[in-house]
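*Asks:* Sequence:
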Amino acid sequence: MKVLIINAGSSSLKYQLIDMTNETALAKGLCERIGIDGRLVHETDKGKHTADMAMPDHGAAMAIVLDTLLDTQHGVIKSKDEINAVGHRVVHGGEAFAESVLITDEVEAAIEAVNELAPLHNPPNLTGIRACKQHMPGVPQVAVFDTAFHQTMPPKAFLYAISYDLYKKHKIRRYGFHGTSHKYVSENAAKLLNRSASDLKIVTCHLGNGVSLCAVDGGRSVDTSMGMTPLEGLAMGTRCGDIDPAVVQYIMQKECISAQAANDLLNKKSGVLGISGVSSDFRDLSTAAKDGNERATAAMEVFAYRVAGYIGRYAACMNGLDAIVFTAGIGENDIGIRERVCSYLTWFGVEIDPALNAKRGEALDVSMPSARVRVLVIPTNEELVIARDTKMILEGK
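Be aware that the sequence shown starts at 73, since it is given in our numbering, and climbs by one per residue.
Simulated from the structure, these hints should not be mistaken for lab results. Heads up, some of the hints might be wrong.
As the list claims (entries may be wrong) - Below are the DSSO-like pairs computed for lysine-lysine, each with C-alpha atoms no more than 30 Å apart in a straight line:
hint : residue 1 : residue 2
1    : Lys74     : Lys120
2    : Lys431    : Lys205
3    : Lys205    : Lys100
4    : Lys273    : Lys263
5    : Lys152    : Lys228
6    : Lys340    : Lys243
7    : Lys431    : Lys463
8    : Lys340    : Lys74
9    : Lys86     : Lys100
10   : Lys100    : Lys326
11   : Lys228    : Lys205
12   : Lys120    : Lys362
13   : Lys273    : Lys118
14   : Lys152    : Lys100
15   : Lys243    : Lys263
16   : Lys74     : Lys150
17   : Lys205    : Lys118
18   : Lys152    : Lys120
19   : Lys243    : Lys150
20   : Lys74     : Lys243
21   : Lys152    : Lys74
22   : Lys86     : Lys326
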């Protein structure tokens, strides 16, 4: 079985074709600047192919993806019929979806019904679904939701302390995101530790430009840092994370800006970018800090401090902790950030081996032998989770 994975953004379309007989990625790529001018980046074991191509909409981008996969020089299949299914990343499923589902007209409508909970993500996700239906009619499509893994959270974790009527009427609650990543690395943590997932208490740390932590108790999400939207929780690349809610109105009044402008400020111009004034990229922050930039140093300290604080909170919520997992761009690659975070956690048995912590690109336990809480670095693979769920649904398992 070959599964095409689609992750559609507002002006982009990421894709990956995976052969599920051995879970190998045959090709992956990105269509970007859709609706502007268009650029394709396509990679296979033959190498990388880039091209500037007109992409007026996602339908045109999808046609280019299929043509490239079939191309005699850059392609990896001989017919569209070799694509057995399409798996879509869908950011928000609201309370309607606790697991991945085969896409029907009713599922499409349900996804559209929660667009206002993820206005930057769900509409493009739907656009990707409809583009695939246009170009591959009859091919089964599956929706895999970022929020689904967190639907096991109990009410004490997902309810906000507002009028319960507002929750029931408008579904205002914590949903959480990055679910496919948290699911993947928590399952692989159990394998790496050679233990059953049902016996483990784990905090998974997805640290990228977007950041979320998840408390995984017995293989189930019991709490997570992102909320109704991806803005809540940790300080991120450009998102503010947790702040006093009154700050929003205060900023609007003092800066004479609209609610939408305030939302853009907190989503796109805050986080470590806002503190540092340098960048949302931790490589740039590290360089600036080494050059004596105090704001860059402060940004990294705020980031690590808050990650450590959430880990401690989740250890308390689960009444124990067996392992901490670092994943995603920063979590997997930033040695210094892992050291900063773990320096706050020695009190409950975190000890990392500097030599092991310096390694990259593989799943590792970077703890000292004497550590009571294991620290793992596990590269995430959200596309593989989507492909596995798609295969499972099609096979009726």
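*Asks:* May I ask which of the numbered hints given earlier this structure violates, with the numbers listed in increasing order?
*Replies:* As far as the earlier hints go, 2, 5, 7, 8, 10, 11, 12, 13, 15, 19, 20, 22 are violated by this structure, in ascending order.
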